[in-house]
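Novice: Whole structure, please, built from the sequences with the hints as guidance.
First to last, the protein sequences are chains C and P.
The opening position of the first sequence corresponds to residue 1 in full-length UniProt numbering, with each subsequent residue numbered one higher.
The opening position of the second sequence corresponds to residue 1 in full-length UniProt numbering, with each subsequent residue numbered one higher.
Honestly, the hints are just simulated from the structure, not real lab data.
Accuracy of the hints is not assured; some may be wrong.
Reference listing, derived: stretches of chain C covered by chain P, where coverage requires no fewer than 3 residues with Cβ under 8 Å from a Cβ of chain P [stated by the list, open to error]:
no.: 1; segment: 89 to 97
no.: 2; segment: 125 to 133
Coverage of chain C stretches by chain P, computed from C-beta distances (three or more under 8 Å per stretch; other residues unrestricted) [said to hold, decoys possible]:
no.: 3; segment: 43 to 52
no.: 4; segment: 106 to 116
Virtual Cβ for every residue (Gly too), placed ideally from N, Cα, C.
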Amino acid sequence: MGNKQTVFTHEQLEAYQDNPFRQRIAQVFSEDGDGHMTLNNFLDMFSVMSEMAPRDLKAYYAFKIYDFNNDDYICTWDLEQTVTKLTRGELSAEEVALVCEKVLDEADGDHDGRLSLEDFQNMILRAPDFLSTFHIRI
Amino acid sequence: MSHQSKRLEEEARGGARGRARSGSPRTGDRLGRRPSSKRPPPGRRGSPPGQQERARGSPRPGSPRRKQTERRSRRGELRGQEPRATERTYEGKQKRDGRASLREQRAPPKKEKEVLKKEEPWTRPKKPRSSSLASSISGKESLSEEELARILEQVEEKKKLIATMRSKPWPMAKKLAELKWVKFKRDFDNFKTQCIPWEMKIKGIESHFGSSVASYFIFLRWMYGVNLVLFCLIFGLVIIPEVLMGMPYGSIPRKTVPRAEQEKAMDFSVLWDFEGYVKYSALFYGYYNNQRTIGWLRYRLPMAYFMVGVSVFGYSLVIVIRSMANNTQGSTSDGESDNFTFSFKMFTSWDYLIGNSETADSKYAAITTSFKESIVDEQESNKEENVHLTRFLRVLANFLIICCLCGSGYLIYFVVKRSQEFSKKQNVSWYERNEVEIVMSLLGMFCPPLFETIAALENYHPRIGLKWQLGRIFALFLGNLYTFLLALMDDVHLKLSKEEKIKNITHWTLLNYYNSSGWNESVPRPPLHPADVPRGSCWETAVGIEFMRLTVSDMLVTYITILLGDFLRACFVRFMNYCWCWDLEAGFPSYAEFDISGNVLGLIFNQGMIWMGSFYAPGLVGINVLRLLTSMYFQCWAVMSSNVPHERVFKASRSNSFYMGLLLLVLFLSLLPVAYTIMTLPPSFDCGPFSGKYRMYDVLQETIENDFPTFLGKIFAFLANPGLIIPAILLMFLAIYYLNSVSKSLSRANAQLKKKIQALREVEKSHKSVKGRATASDSGDTPKSSSKNATKEDTTPHSASQSQIPDEKARGSGTVPPASRHLPISQPPGVRPGSGHPRSQTRACRSASGRKAQRPPC
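Specialist: In structure tokens, the structure reads:
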């Protein structure tokens with residue numbers, strides 16, 4: 001990119017500015033967890049998001065992306081964040097709450113009020129279009 | 001501090017050893033010992049400084065190899081002791097855990113903690129400084145995970161390659177050659193991917209419009225491939241031999257333009273209607289001679305013509321079924337999507353391929369709408385109202401639509417009848433000649449929106465409504481097509497009935513010519529000029545011409561619709577928006593959306609017509625190839641320039657098999673008329689490769705009798721016996737029934753197994769959660785939990801980590817486990833890990849308990 005940078009800030013990854021999870025992607029794949037990626041992290045990101053990456057790998061990283069507070073569980077707060085980002089705040093508070101409740105109903109296998117990695121994997125590996133939407137083509 | 005960190009950085013990068021440091025003599029010592037620390041045997045783990053250096057060396061980004069060797073050396077021994085795992089990766093867990101354990105051990109000595117703290121600035125300059133180790137652990141873990149995963153993959157690949165190499169007792173040169181071969185294959189595969197036509201165009205469309213619009217273009221490209229193969233088949237086996245080795249133009253009556261038509265034969269309007277010179281060319285059935293063998297190769301043209309016609313259908317059938325099978329294999333075969341609607345909407349609805357802000361905007365809107373829809377569905381499923389009214393409305397809507405369909409069918413029939421009358425009189429205007437095609441195209445343009453408006457009465461869920469709409473449009477096109485065919489058949493029968501008369505006329509004309517007076521009998525009479533011989537009306541060529549005309553007019557109508565409906569509309573909206581009362585872009589008419597289903601159905605039906613017409617007009621497939629080529633470029637341009645992304649972006653995954661199913665249905669339906677005409681109608685007496693035969697399939701009989709050895713003839717005669725064919729058909733029915741019942745029972749067994757797995761999983765989970773709640777911080781259960789964990793998929797590294805906890809506790813590494821005891825078991829959900837502290841506490845708590853379920857709620 002002209003200047004011999006080895007670390008790119010997430011502001012520089014402009015191509016995905018429309019992606020609601022752009023900050024999360026940057027955080028998950030960066031070295032310091034704060035969104036600063038080296039070339040290796042960048043390559044990692046593309047390797048996971050490519051078409052050839054296996055489902056389990058993608059599911060694992062998807063889980064990390066959707067886990068906003070990095071506590072290895074997708075709890076209600078994470079779900080609310082996801083919905084708000086996906087709809088850009090267009091849904092009302094009750095609708096958001098209803099959606100999160102339904103998701104927990106559907107996917108929470110161990111009934112602890114949040115999704116663990118297994119619950120998530122269980123659910124996402126059944127999605128017919130997970131592979132086709134969770135990939136970035138170069 | 002920063003000074004020191006800079007020094008540390010320099011040291012790390014440059015690898016300078018033993019540089020004395022003013023701030024902390026200890027640090028200097030440790031750094032000084034660095035060279036030796038890399039080589040010590042595993043047993044020296046007990047010395048904190050050495051480990052610290054090693055550990056310090058690891059998170060450096062610029063030295064992956066050192067890390068690798070360090071990790072490798074430690075992989076074996078450190079597996080035995082492990083705190084917890086916060087994040088799981090594929091295979092790198094042990095290494096991470098190894099380093100983490102080192103950190104845990106370093107915890108007690110305070111000075112080392114300080115050094116660690118000082119270390120942090122250059123490893124993670126922006127991470128909030130915390131005195132706890134866990135945050136640094138997490139940082140370094142996330143730091144190395146991806147690298148670990150990547151490096152491991154590379155290592156595995158190389159290992160495999162080297163293993164295969166090693167296992168074979170080859171000389172070095174051969175091994176090198178083999179590796180070069182692998183590289184060559186990979187390069188060739190890359191090259192092949194680059195050769196796929198139109199890939200960049202389709203990618204561009206995909207990023208702007210989403211995967212559903214791109215699926216139409218992928219379907220178009222696939223059709224183009226199929227048509228290309230069919231064209232090569234027909235061109236190579238039928239057209240080229242006739243042109244090269246058959247009799248040239250003008251030698252026999254069927255290949256010559258009749259005298260009466262000759263003056264107008266070159267006019268463009270005549271050529272455009274596929275009359276004149278085009279009609280008497282290799283593009284149509286009537287041109288082909290019925291000679292049994294032609295040329296020096298003794299190529300059996302009539303036989304080839306027949307077999308190519310049959311194999312066109314055979315190849316198409318095979319390719320469509322194979323594509324359908326691939327589609328069904330690709331998608332997972334459980335219909336459990338109903339159970340996970342909201343989850344799938346939340347986690348898989350965003351299409352990461354979108355790179356355009358307009359598309360992204362409409363995608364956001366689509367997601368919002370789909371959430372709202374599902375919410376409404378959910379709320380509606382709880383209440384039921386007025387079933388009778390909806391039922392009545394639906395019946396009414398279906399009745400109206402059936403009326404429309406019948407009306408359109410009758411209209412087509414009427415118009416075709418009228419065109420037959422027109423063809424009898426002279427001076428037909430352009431409109432009268434093309435009335436049928438115009439009416440059919442107009443119906444195809446106006447009826448679908450009409451159906452949509454009527455369907456608003458039905459109040460279906462949009463997905464179901466779309467399927468009804470597609471079914472109705474399909475019925476419309478089918479009805480039109482079959483009415484068209486029926487009218488065509490009337491025409492054919494008419495021509496056939498006139499054949500007897502013309503045969504007589506021809507016979508008498510020839511007789512008169514040869515017996516007329518005024519010629520010197522000693523010189524043999526020249527044969528009658530082919531242009532003067534009275535010609536029968538060749539019904540096969542007439543049918544071929546009809547299909548050609550229909551294809552061409554359909555193509556023109558499509559292009560004109562795109563130009564007017566999409567492009568001009570877009571220009572109008574763009575340029576007139578400044579001087580118009582209302583906002584053209586937001587309200588009516590706004591930009592057009594790409595009509596995926598309409599276009600796909602149009603493509604499918606056109607292909608059906610090609611299949612029907614290709615037996616009578618071998619050139620039709622070539623025209624179709626040209627048409628698909630121009631369509632591809634034209635529609636790509638039109639989509640990018642004048643369409644906007646859909647408001648409701650529908651997913652492409654499941655619709656593909658629906659379109660393939662439609663294509664298969666159309667294939668069968670287009671096979672029927674051709675088979676009927678081959679079996680029941682007699683071929684024309686003076687044109688085509690089967691002229692003079694009783695039925696077209698007689699060519700098979702003749703070939704078997706004359707060209708194959710006699711025993712084969714007997715075998716075929718035996719096989720064609722109805723007494724053998726009917727039992728064979730019955731046997732096939734039985735086989736279908738049996739296979740169907742087998743597949744049903746297998747899918748039932750599949751469902752039961754799934755239920756069992758589900759139940760087992762839930763039982764396990766409830767067990768674990770019960771156990772976890774019962775014993776909060778009891779480490780005595782770790783063996784049980786680790787054994788339980790071992791039954792799960794990706795828990796092998798995890799169990800290793802779990803079993804290391806008691807060891808760690810036994811060593812009593814200070815601050816971490818006691819902290820967990822003080823941690824309240826349940827935290828309010830509102831506690832967010834804003835600072836590193838609660839997070840580290842949770843992490844520590846997790847490590848202490850050693851059980852996955854044993855985690856305080858976030």
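Novice: Cut-off 8 Å, C-beta pairs, minimum 3 residues; does the coverage of the segment 106 to 116 of chain C by chain P stand?
Specialist: holds (count 9)
Novice: Given that the segment 125 to 133 of chain C was listed as covered by chain P, double-check it with a C-beta distance under 8 Å for 3 or more residues.
Specialist: Coverage by chain P holds for the segment 125 to 133 of chain C (8 residues, Cβ < 8 Å).
Novice: Under a C-beta cut-off of less than 8 Å, do 3 or more residues of the segment 43 to 52 of chain C approach chain P closely enough to confirm the stated coverage?
Specialist: Satisfied; 4 residues make the cut.
Novice: Can you confirm whether chain P covers the segment 89 to 97 of chain C, using C-beta to C-beta distances below 8 Å and requiring at least three such residues?
Specialist: This one holds; 3 residues, not fewer than the three required, reach chain P with a Cβ under 8 Å.
When each numbered hint is compared with the structure, no violation occurs for any of them.
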